[in-house]
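Novice: Turn these sequences into a full structure, and let the hints steer you where they fit.
Residue numbers (UniProt numbering): 1 to 118.
Think of the hints as simulated: they come from the structure by calculation, not from any bench.
These figures come from a predicted structure and were not determined experimentally.
Cβ atoms here follow ideal geometry from the backbone N, Cα and C, with glycine treated the same way.
Do not rely on the hints blindly, as some may be mistaken.
For each label pair, taking beta carbons as the anchor points, the in silico distance ranges come out as [claimed, not checked]:
| # | residue 1 | residue 2 | range |
| --- | --- | --- | --- |
| 1 | S37 | N97 | 51 to 57 Å |
| 2 | P73 | E101 | 22 to 28 Å |
| 3 | R36 | L68 | 16 to 22 Å |
| 4 | L23 | P64 | 44 to 50 Å |
| 5 | R17 | Q43 | 42 to 48 Å |
| 6 | P73 | S50 | 31 to 37 Å |
| 7 | A11 | D35 | 16 to 22 Å |
| 8 | I65 | I45 | 31 to 37 Å |
| 9 | L23 | L68 | 17 to 23 Å |
| 10 | D35 | L99 | 47 to 53 Å |
| 11 | D48 | S103 | 50 to 56 Å |
| 12 | W28 | D88 | 43 to 49 Å |
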Amino acid sequence: MAALVHDIEEALILRLREQGWPLNLTRWVGSFMQDRSARIRYQDIVTDSSPLQCGLPQGSPVSPILFLLYTEPIYRQGSSKRRFGYADDTAILCVGNSLDETSAVSDTCHPVDAKQCG
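Specialist: Structure (structure tokens):
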């Protein structure tokens, strides 16, 4: 699992570079994702700090922005009239006058190139 997570973190950095973001920003993002830890607090009890192996911190204003930059290629697939997104939810709508037509439309907007989406 750690190797997979490491690949995803590298994929985000690569995506930012492909999008043309400055090197100092991509380095900052890499640093932002490393050596994270967390504690759990319940009533008066607080656990020791534990290292986090993956993910971006919830509650950070940077995390949703990085998520959107990472998933940006999804929004370039198919017709813009069929793509909807809000925060971390994405929907691709396929409509036709019949089941066959809808299936044909779906075939044009459904495939997402895994290389583009990490």
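Novice: For each hint, tell me whether it holds in the structure or not.
Specialist: Do the hints match the structure? See the list:
1. S37 to N97: 51 to 57 Å: Holds: the Cβ-Cβ distance is about 55 Å, inside 51 to 57 Å.
2. P73 to E101: 22 to 28 Å: 26 Å, holds
3. R36 to L68: 16 to 22 Å: 20 Å, holds
4. L23 to P64: 44 to 50 Å: 23 Å Cβ-Cβ, so the 44 to 50 Å window is violated.
5. R17 to Q43: 42 to 48 Å: 45 Å, holds
6. P73 to S50: 31 to 37 Å: For P73 and S50 the Cβ distance comes to about 33 Å; the hint holds.
7. A11 to D35: 16 to 22 Å: 19 Å, holds
8. I65 to I45: 31 to 37 Å: Cβ of I65 to Cβ of I45: about 33 Å, so the range 31 to 37 Å holds.
9. L23 to L68: 17 to 23 Å: 21 Å, holds
10. D35 to L99: 47 to 53 Å: Between D35 and L99, where Cβ atoms are some 52 Å apart, the hint holds.
11. D48 to S103: 50 to 56 Å: The hinted range 50 to 56 Å holds for D48 and S103, with Cβ atoms some 54 Å apart.
12. W28 to D88: 43 to 49 Å: 22 Å, violated
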